[in-house]
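Trainee: Sequential numbering of the sequence shown, starting at 1, is according to full-length UniProt numbering.
These are calculated hints, taken from the structure and not from any lab test.
Small disclaimer: the values here were computed from a predicted structure and weren't measured.
Glycine included, every Cβ here is placed at the ideal spot set by N, Cα and C.
Incorrect hints may appear among the rest.
So the derived label-pair ranges between C-beta atoms look like this [what the hints assert, rightly or not]:
#, residue 1, residue 2, range
1, Glu-126, Trp-36, 32 to 42 Å
2, Tyr-23, Cys-91, 43 to 53 Å
3, Leu-55, Val-109, 42 to 52 Å
4, Leu-48, Glu-124, 46 to 56 Å
5, Leu-55, Leu-95, 34 to 44 Å
6, Ser-46, Asp-73, 48 to 58 Å
7, Lys-20, Leu-95, 29 to 39 Å
8, Gly-21, Arg-93, 36 to 46 Å
9, Met-57, Glu-108, 48 to 58 Å
10, Glu-88, Asp-28, 38 to 48 Å
11, Asn-63, Gly-31, 48 to 58 Å
12, Gly-31, Asp-56, 17 to 27 Å
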Amino acid sequence: CHCLLQLLSYHFRLARSKIKGKYFVRLDRIGEGVRWRRTTGQEIYSPLISAFSELDMEDWKKNKVPFLSGFNDSYSLPENVAIITLQELDCGRTLLRLAHLYEIGEHEVLSAMAHVKLKKLFPEKEIT
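Construct the complete structure from the given sequences, taking the supplied hints into account.
Mentor: What follows is the structure in structure tokens.
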């Protein structure tokens, strides 16, 4: 680690540039760093973003839903799966896109096939 820091210091002195921002350094056993990079990296660099649309008051009153529905909080996605898209479509359906975070052979356990139980994730929805 010390050699790496010296190399970085030497490189940036040559470039005469300043580095600003957040940097994460983590030391793990061989093969385990990928878990932190994939899961924490997903949370840091690709957080789930809530987006809302704009309605005038009359449209809002017509479309107002008196309750909030969504995920079943007793079920969670596998550690190796991330939500890419969760979007309500104009036809009233919902588009859900999921992604596997690990490449084949990248991690002994987490590179395996993931199983998501959509009916448990959305118990009140019709899954088609």
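Trainee: Hints first: check each against the structure and report whether it holds.
Mentor: Okay, the hints, checked on the actual structure:
1. Glu-126 to Trp-36: 32 to 42 Å: holds (38 Å)
2. Tyr-23 to Cys-91: 43 to 53 Å: Holds: the Cβ-Cβ distance is about 45 Å, inside 43 to 53 Å.
3. Leu-55 to Val-109: 42 to 52 Å: holds (46 Å)
4. Leu-48 to Glu-124: 46 to 56 Å: For Leu-48 and Glu-124 the Cβ distance comes to about 20 Å; the hint is violated.
5. Leu-55 to Leu-95: 34 to 44 Å: For Leu-95 against Leu-55, whose Cβ atoms are near 20 Å apart, the range 34 to 44 Å is violated.
6. Ser-46 to Asp-73: 48 to 58 Å: violated (22 Å)
7. Lys-20 to Leu-95: 29 to 39 Å: Cβ of Lys-20 to Cβ of Leu-95: about 37 Å, so the range 29 to 39 Å holds.
8. Gly-21 to Arg-93: 36 to 46 Å: holds (40 Å)
9. Met-57 to Glu-108: 48 to 58 Å: Distance hint for Met-57, Glu-108 holds at roughly 56 Å.
10. Glu-88 to Asp-28: 38 to 48 Å: holds (39 Å)
11. Asn-63 to Gly-31: 48 to 58 Å: holds (50 Å)
12. Gly-31 to Asp-56: 17 to 27 Å: Violated, at about 55 Å.
Checked against the numbered hints above, the structure breaks hints 4, 5, 6, 12 and satisfies the rest.
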